[in-house]
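**Student:** Whole structure, please, built from the sequences with the hints as guidance.
Keeping their order, the protein sequence lines are chains A and B.
Going by numbering that gives the first Met the number 0, the first sequence wraps up at 321, each residue one higher than the last.
Going by numbering that gives the first Met the number 0, the second sequence wraps up at 286, each residue one higher than the last.
Calculated directly from the structure, the hints in this document are not laboratory data.
Quantities reported herein were computed from a predicted structural model and do not represent experimental measurements.
Just to be clear, a hint being listed does not mean it is correct.
[As the list claims (entries may be wrong)] To give an idea of the interface, some chain B residues facing chain A are shown, with a C-beta separation under 8 Å as derived from the structure:
| id | residue |
| --- | --- |
| 1 | 15 |
| 2 | 133 |
| 3 | 135 |
| 4 | 137 |
| 5 | 266 |
The beta carbon of each residue, even a glycine, is placed where N, CA and C say it ideally should be.
So you can see what is in the structure, the chains are spelled out below.
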Amino acid sequence: MVELIRPWALFLLPLPLLAWQILPAHPPRAALLVPDRLAGFLHAMSRAKLGAGAARRLPLAVAALGWLALVLALAAPVTKGDPLHEATGRDLLLALDLSASMEARDVELDGRRVDRFTAIKALAGAFIRGREGDRVGLIVFGEETYLVAPLTYDVQAVEGFLDEVTIGMPGRKTAIGNAIGLAIRTLEAQPASSRVLILLSDGDSNAGSLGPKTAAEFATEHHVTIHTIGFGKVSTEGYASETASDDYAGLKDVAEITGGRHFLARTTDALRSVYAELDLLEPTEASAGGRYAERDWVTELLVVALLALAALTVLDRRFGRI
Amino acid sequence: MSSTGSPLWFLAPLLAFAVIAIGRCELHLPGAWRRAIQRDLQTFLATTVEEVRSPYRRIVLLVLWLILGAALARVSLGHVDMPQMRNLDARVIVIDLGLPDAVADRVAAARYLIESTEDVPTAVVAVTERAFDVVPITRDQAHLDRYLQVLTRDIMPIEGHALATGIERAIAILDRGEIQARQIAVFTGGAPPGGDRLQAPEQDADDNVWLVLPDADKAAWQGVAEDLGAPVIGDGESQAMLDDFEQRRRAAAAKAVPIRERQDITPWLIGLTLPIWLLLFFRRRAE
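**Tutor:** This is the structure in structure tokens:
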């Protein structure tokens, strides 16, 4: 579909006809001063060589073609190119707890009893997939902390990396402070208008060299907002030592210090609602969409005009003026 | 502050001078005038005719050449901020880990490329018999570097040398991101897979595949390069590849700025051309 940026320019198309009719003609002037009989002879030969009509009208046709190209170039035709995707300017890191307590099979997902991490994977995967326009990264933590996926717009790739992580990979304890530290370091390396960390854990910090509160204060200094999610039943058989704290006080403090929100999700449905709420808190701009690259044809039309001009320059030498 | 999209067009008026200079060598008067005018008088008459011709038309043509040349150069005033588009540009580095020799050199060359273009979103794919995403498209230099440091043949679960699979994987990454300005840099070397030919993956010119090889291996890979339609460069000659990508990035960025928002003076130059072009429609004599 061709769109004209300045369609009014097309009104200029008939101007050469007006110029032809209205502008004063060049006064007749003899090129060669020769006797009348010789003039007739030259004229006849000239017509024979150039062709009676068509060739003499050639410069006029070329000038008209150039005019058409110029007027169209002024009208600036554009066609729609490839779709463009605007960025939200937000960098969003998802930090997931992979400590041993995530093995607890105390939640249900689609009617099946599954371990906590399976539920988190399913719901976090869908959440990540919906973050079109955000630069998303993935951190996993236990005793150690790893950046599994760097900040990228390729949310599908991040979801793929999420599929590959397993419980216990970074150790069996929970070092929330260290996870926040790595998140700050990752986020501050990139310019962004908004930096968000979503930290999901099923218990308070019990490992790591950096305390969650101190890490949260650093995060505030680096303009990182942290939303925290406490997930899972509070006292789970076999994991009571790690999830005994029923108020997730540490996570709550971290969210408050950084201006984020703290959520508590004891079931997968509750976790699903938390992600939905996070989508509202940190909206993407994917729905704005609809922007396309523009292909303008001005250069091509100007080249046509230039070729017409080149032809006129040559014809001018050969046949004289129109 | 001004900038030009295609500065070479400023040279266009030189063509006009060339045409006029050639025209001066042989002045064409109407008809076979030389048969009608005595030979001794021909030079005199030709000179006289040149003098009586009005010079205005030549001036008009020259002015038109100058203005059109400037218009084609697409001069822009001021600075237009490039829009933040997440799919504007990206490069995928495919590292061939199928051959044990010189893997470290390949990785080093890839690291050099990444360090040379810090602002380019880059992904890394490792390939043996199968291809794996090592790093998704990212600007995180530290992360890219960290992964390249540990990229050895040992990390691949299977052996092999299916380069086409790696290129397919790279194309899939770029397609998934709907990337506009693309480049796939394949770091390989040694003996080409399957002799000197390759079952080329489905691709088009926009995928912009380049083969980066040690200088000594370049000749052996010419057949593969032809199959892929990919330029072959030595691992110390990456400048041509960088320049090509920069050009593609600029073109993509220009398309991303709507023509209404561009501060280029081309419409004004076209507007200036139009009344001058009208002078070409003067009649020769009153009719």
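**Student:** Does each hint hold? Answer for all of them.
**Tutor:** Structure-based check of all given hints:
no.	hint	result
1	15	holds (6 Å)
2	133	violated (11 Å)
3	135	holds (4 Å)
4	137	holds (4 Å)
5	266	holds (6 Å)
In this structure, the one hint that does not hold is number 2.
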